[in-house]
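A.B. asks: From first to last, the protein sequence lines are chains A and B.
Quick note on numbering: the first sequence equals residues 676 to 893 in the numbering used here.
Quick note on numbering: the second sequence equals residues 1134 to 1751 in the numbering used here.
Some, not all, of what chain A presents toward chain B, calculated at C-beta under 7 Å:
no., residue
1, V687
2, N714
3, K735
4, R741
5, G768
6, K772
7, Y800
8, C809
9, I839
No lab work stands behind these hints: they were computed from the structure.
Glycine included, C-beta positions come from ideal geometry on N, C-alpha and C.
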Amino acid sequence: MYGLGILKGMGVTLKHFLDTYIEDLRFLGKGKRTDVAFNLRQGGRNQRLGLFTVEYPEEKIAVPERFRFIPFLVINNLDAEEDAGKIWCTSCGICAKVCPPQCIWIVRGTDPETGRPKPEPEEFYIDIDICMNCGLCAEFCPFDAIKMDHDYELASYDRTTHHIFDKARLSKEFRYWRSIAPTISAEEAEARGGWEHKDVLKEKAKASRAADKAAGAS
Amino acid sequence: MAENPAAEVTTANPVAEAIAALKAQFPDAVVEDNRKGYAGIVVDPEKLVEVATAARDTLGYNYLSSATAVDYLGKGDYFEMVYHTYRVPAGGPPLVIKARTPRDRATLPSVISVWPGADFQEREAYDLMGIRFEGHPNLKRILLWEGFDGHPLRKDWKEAYYEQDQKPFDSRWPQGRVYRAEERNPYGKNVRYPEGFTLDDFTPVGEAPNYDGVDLGINVQEMATPGLKTDRLVVNLGPHHPSTHGVFRMVVTLNGETVEDLQPVMGYLHRNHEKIGERNTFLQNMPFTDRLDYITSMSNNLGYALAVEHLLSLGPRYQPPTYRAEVIRVLMVELTRVVSHMWAIGFLLNDLGAFYTPALYAIAERELILDFFEAVAGSRMMCNYMRFGGVFKDLPERIQGIPLLANDRVRNEATLDYLANIINERLPRAIDELDDYLTHNEIIVTRCQGVGILPPEMAIAYSAAGPVLRASGVPYDVRRAEPYSIYPELDFDVAVRYNGDIYDRYLLRIDEMRQSVRILKQLLPRLRETEGQPIISGSKAYSPRVPEGEAYGRVENPKGELGYYVVSDGGQNPWRYHVRSPSYINLTALGPMAKGHKVADIVAILGSIDIILGEVDR
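With the hints as constraints, model all of the structure from the sequences given.
C.D. replies: Here it is in structure tokens:
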């Protein structure tokens, strides 16, 4: 019979429409914007529903650890005892080489006295208009010095002056990386052998070996 | 062939057998391709059509999957046209047929008479590589505009803002002086005009070729249906039209409301993906493949990984992907398939006039799957997840958001529970719901049944792939025809429907989603078993050593057979990188399918092919 299918279809719409109000009633007084309510709305376990609307910007979905958006450079915590604010990048250039759209520019630092290259970038630029957020730079950095950020609200009024990020704009403290990626940063620290920069750990290991040797010799 | 002892030895391999047969039949014209890492036969262009006919008629290679050209500038200075042909629906490896032509007067015979599916692909080769195809009925540019100077895929062609032949560019490090690309003079030496070009004499070619063969205003009444006064009219549907799913145009010749002729016009989103791919290193192409069919980035990744892994396997120290990596790959790809089919069904309803409400219900489950992708790969749509020899990272233990601000809402669930919930509960329910409400809906039935019929022999001839091919009664699925990854050990059926109309394409997508859920259910125990095993074989290198050779990696994408033809010359970058995109080639059959139907039906027919313009135009 003609018309039944239409009624059935309209019924689905009506059901979804009413569901939104039932959801509201469920959380009446308890607050709709809690994590519990959010998970239920988002089709959490054993939920029939999935009213996925998120009332941005009143509420936002917290992004997972691996979320990747525009890279940043890791520097030592600014209140660290040693080398406060020292950049982790050694300007080896792997990120610039692996970058698919080639949006990374690095000027390798040179020692003013000897003129030899030193393991620190003089300048570091990322053109965020070109960056495709693929995360290869972070994946292949051997020093865990470049990481993908979680901050996706980067709108600005003038792209010609604001969208080339320089070293100062890119640098973020190590504690920030630990806060946005607790599991990954812990895994990386374990792989490095400590929470410090790879080179610092190497130096320390060397020093302790030398100390052991000296102790053994005497 | 009994008298030929060599043939008897090789009967185990159908391709070797076919090559031997062709060599016996055309001893002067057929030579085996003996270059290291290459396969197939090189055919004398004069005999190409004959050899192709023999391959199709006597050997059964009736399906032209991919036809593309390679520019061997500096390596023999010729163009090589490469045809990958398959037996459909029997399956098996490809018979690769090649034909060469000198670079300065590149001409080859068209094989359109043998495989009509060569139509768009030869036009593409003409457009981008500049090879003329004799006998092609409609040889004009397809992705670029008439009047464009040069053929961009030739090795000596340089794009605007050209910097260097291959990445990484030297200017980035160690003295990386930053600049914005637009700041450099865009009208410098990189923009080339045709020789002798002056603006004063310039007259644009215009649209006239699109309307060829339309005698507007002549004998209109005679052409019209008796008793009903109709007019012949050319209508441009698109490029800006919601029914085209992007920027795509159909030049439709109408007689009254009835379609007499339909020509797709595309290229509005053309960005020369393949040229970019040749500038990139092998790994750098991975994130670019995401941007082809942006709904199915995971399976795009897989196709490219398979092609490069095939090349790597020609080298000495190749390790195949680990088992866990394969399980995760198939998991991702099948989830992608469900997402894509849900999307296709939702937007088919859009095309039928039920604007957005059903589409939004259809793609609700997609949110959960994309959240999963985001937690695993780092991005919802541009996943960039596969690597050569495995995947980027193992599944995280928990699907967990990291709050930065007070109003961030956190989801926190164990990954496998989350997955099991999607696979066992939500997806089957969502599919049943769609099936329940749509399959017997009389609007869908009346609008879709018997519309846009593609008979099986035509579907094969036009190289249609995926749901379009299988809904026409051809049980051909790359996952079964030439299995890859762990599909051989998985239990699933190739969905097939027999009427070849819009309705069957819709039903087939429902069937296929059910099969995908069946596969996904088998993957859950495998995920638990393989927990903790490595997800990538060998060490992760950003510049893998890729040996010389060619490879054609193809996967059954939700939209159809996606193939990557990659040629390596042993360097850091692919020498040739071609994408056989299912959306693009499925459009070859759009004209014939639409003929005789009404204007409103074209929209539904196009919707049932399910194109994505990022993949059509590349």
